[in-house]
Amino acid sequence: MAATDSVERIVLVGAGECAARVARVLREQGFTGEIAMIGDEPHAPYERPPLSKAALVDDEISQVEVLSATRLAELGVELIAGTAVESLDRDRRLAVLSDREEVTYDRLLLATGARARTLPIAGGEFALTLRTIDDARALRSRLGPGRSVVVIGAGLIGLEVAASASQLGCDVAVLEAAPRALGRALPAEMADVLVKRHADEGVEVLCGVVPTDITRLGGRFAVGVGGFDKPITADVVIAGVGATPNVELAQASGLTCENGIAVDDRLRTDDPVIFAAGDCCSFPHPLYGGRRIRLESWRNAHDQAEVAAANMLGGDEQHSAVPWFWSDQYDFGLQHAGLADEAALSVVRDGGDGSQIRFALAPDGRLVAASGVGPGISTAKDIRLAEMLIAAGSRPDAETLADPSVSLKRLIKL
Amino acid sequence: MSNWTKACNADDVDSEDVIPVAIDGHDYAVYRSPADDYFATDGLCTHEAFLLTDGLIMDNIIECPKHNGRFDYTTGEGQGAPICENLRTYPVKVEGGSVYIDLG
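Going down the list, the sequences are from chains A and B. Using our numbering, the first residue of the first sequence is number 2, and each one after it goes up by one. Using our numbering, the first residue of the second sequence is number 215, and each one after it goes up by one.
This is chain A alone, in the form it adopts within the complex:
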C-alpha cells in the first residue's frame, strides 16, 4: 500500500552513495521540503569503490566526495555526520539519534549499507577489514615495499586489495577456503583469467585453504592453516570475507528482514512511509522470476536511489535494473551484468587482445548474464549492450554472440 499523505520532511538514514543519490534525485524531481541525511561516519558522502583499487595505491588516500559540504548546502540537505540513528518511533514518525536528538519524518529511507564481516576464528580481530575511508587509511599506512601481506578471502575485495598491495611492492599471498576464487561473483573461467593475472605479478591465490587462528608475534602475525605444518607469517593480515547488511535498526523497529531489510519491488518496507535501498536491502527481482536478492554494488545503490526517491514522492516505479558491477585489478578491468545462476549454456567471445566475454543463457534461451575481463576497459561497450539485451529479455543466437566480428549493437537493433 502506498502512503498518500503530503511529504514535507524526508530523513535519509545513511550518508553513502545511495543516500547522496536520493538527495540529488529528490531535488531534481522538484521536492522543496526538508531533507536530513544522518550518517555515522564523520564525513560527507564519498566514493567507496576506489578505496580497494586506485586510491589504495596512492601515497595518501584521497577522498572522492560524492556530495561536498558546499554541494549539500546548495541542495539544501542537512548533513548530520558522525551520528547514528538509535531507534525509530514509527507511530510518531520520529528517529532518535545517538546524541538523543529527535528528528521527525514524513518519509524515511534506510540506506544503512553493510559492514565488513570479521573472521570468526581465534585472533580474527587481528585481520584488518576494508569498508570505510578510515579503514583504507589504516590499511595503507601498513603497506609498502617488502611488507608481507596475507589476504584471507579471494572475493572481489580480497583480490583488489591483493592487487593494490602488490603494486605497492608488498609480498602478497591470498588464502581462499572455497575450491576456487570469486565463486560467488563470476564463472570459473573468468576467475581463472584474473587469478592468472595475479600469478603473473607473483601473487599466489591458494584455494581450499582454511585459516584456523591468528596469533600475534611481536609486530607480526602468524596465520594457522588447516593441513599446513606451520603457520604463515605476515606483517599484515587482511580479511575480505564478505559483508553483513546493517539491519539492526530495521529489526528493532519491527520491520521484516530477510538477508537484508525486506522491501517490495517498489523498495517499500512493511511500513508504507519507510523505504530501504542499496546494500542493506533485499528485494524481489522481476527479471529473475521475482527471486529475492541483495546486491552490494555501486550501481545498485544508484539505481535503487532513483526508484526510492521517486516512490517516496508518491511515484509507483518498479526497480528492475540489471545487476551490474565492475572491478579493477592491475591493468585488467572486469565488468559483469546479470545473474548467472539459472544459466544452462555458456558462450565465449574472444576479444583477441587477451580479453574475453562470457555470456550465460537460460534453458529458454534468454540471455541472463555476461562478464567481460581483459586489459583496460575493452569489454565495457559489449557488457553495456549485453545489459540492454538482458533487460529486454532477448534470446540472442549463440553463434552470433560467439562471433567477435558481429557487433552486439546489431542484436539490439533487430
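Incorrect hints may appear among the rest.
[To be verified] Straight-line C-alpha distance at most 25 Å; calculated SDA-like pairs for lysine to any residue: (1) A:Lys197 <-> A:Ala174; (2) A:Lys382 <-> B:Met272; (3) A:Lys197 <-> A:Gly243; (4) A:Lys382 <-> A:Ala392; (5) A:Lys410 <-> B:Asp225; (6) B:Lys220 <-> B:Tyr252; (7) A:Lys410 <-> B:Leu265; (8) B:Lys220 <-> B:Asn274; (9) B:Lys220 <-> B:His281; (10) A:Lys54 <-> B:Asp225; (11) A:Lys382 <-> B:Asn223; (12) A:Lys382 <-> B:Pro234; (13) A:Lys382 <-> B:Gly292; (14) B:Lys307 <-> B:Glu262; (15) B:Lys307 <-> B:His281; (16) A:Lys382 <-> B:Cys298; (17) A:Lys382 <-> B:Glu291; (18) A:Lys382 <-> B:Glu277; (19) A:Lys410 <-> B:Arg284; (20) A:Lys54 <-> B:His281; (21) A:Lys382 <-> B:Asp225; (22) A:Lys410 <-> B:Leu258; (23) A:Lys382 <-> B:Ile297; (24) A:Lys54 <-> A:Gly355.
These are computed hints drawn from the structure, not numbers from a lab.
Using the hints, position chain B against chain A.
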C-alpha cells in the same frame, strides 16, 4: 580566434561510432553520427576522467564505460547523475576527406 587542426581522416570513424584523438597531449573524441555528421568533444569524462571513447554510443548519446555517465555528444550536455559538469565540445569541419577541429 580559430585554430583548425586536423584530427583524423573522415573514414577513420565508423558511422555511429567514436575514436580517440590525442593532440598536444590532450584527449579528444571525434564522433560520426548515423547521418554522417561529425562532432568533437573532450575525450575524458567530466566525472572521473576516464576515456569516453571506450564507451557505448546510442543515437547522439555517449556513455562513459566506467560509471555510465551520459552526454549528448552534439551539445556536450550531461544527462544527469553522476555527471555534474557538461562536456566541452569543439567545432568540426570535413574537408578533402579529413576531419578538422577548431581548438580555439
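Results of checking the hints against the structure:
1. A:Lys197 <-> A:Ala174: Distance ~13 Å between Lys197 (chain A) and Ala174 (chain A) Cα, so the pair holds.
2. A:Lys382 <-> B:Met272: holds, 11 Å
3. A:Lys197 <-> A:Gly243: holds, 22 Å
4. A:Lys382 <-> A:Ala392: OK: Lys382 (chain A) and Ala392 (chain A) at ~16 Å, within 25 Å.
5. A:Lys410 <-> B:Asp225: holds, 20 Å
6. B:Lys220 <-> B:Tyr252: holds, 13 Å
7. A:Lys410 <-> B:Leu265: With Cα atoms ~20 Å apart, Lys410 (chain A) and Leu265 (chain B) stay inside 25 Å; holds.
8. B:Lys220 <-> B:Asn274: holds, 23 Å
9. B:Lys220 <-> B:His281: The hint is violated at about 31 Å.
10. A:Lys54 <-> B:Asp225: violated, 38 Å
11. A:Lys382 <-> B:Asn223: holds, 23 Å
12. A:Lys382 <-> B:Pro234: holds, 15 Å
13. A:Lys382 <-> B:Gly292: holds, 19 Å
14. B:Lys307 <-> B:Glu262: violated, 29 Å
15. B:Lys307 <-> B:His281: Given pair Lys307 (chain B), His281 (chain B) is violated - Cα atoms ~31 Å apart, limit 25 Å.
16. A:Lys382 <-> B:Cys298: holds, 23 Å
17. A:Lys382 <-> B:Glu291: holds, 21 Å
18. A:Lys382 <-> B:Glu277: With Cα atoms ~9 Å apart, Lys382 (chain A) and Glu277 (chain B) stay inside 25 Å; holds.
19. A:Lys410 <-> B:Arg284: Within the cut-off at roughly 18 Å; holds.
20. A:Lys54 <-> B:His281: holds, 15 Å
21. A:Lys382 <-> B:Asp225: Distance of about 21 Å is within 25 Å: holds.
22. A:Lys410 <-> B:Leu258: Within the cut-off at roughly 23 Å; holds.
23. A:Lys382 <-> B:Ile297: holds, 19 Å
24. A:Lys54 <-> A:Gly355: holds, 21 Å
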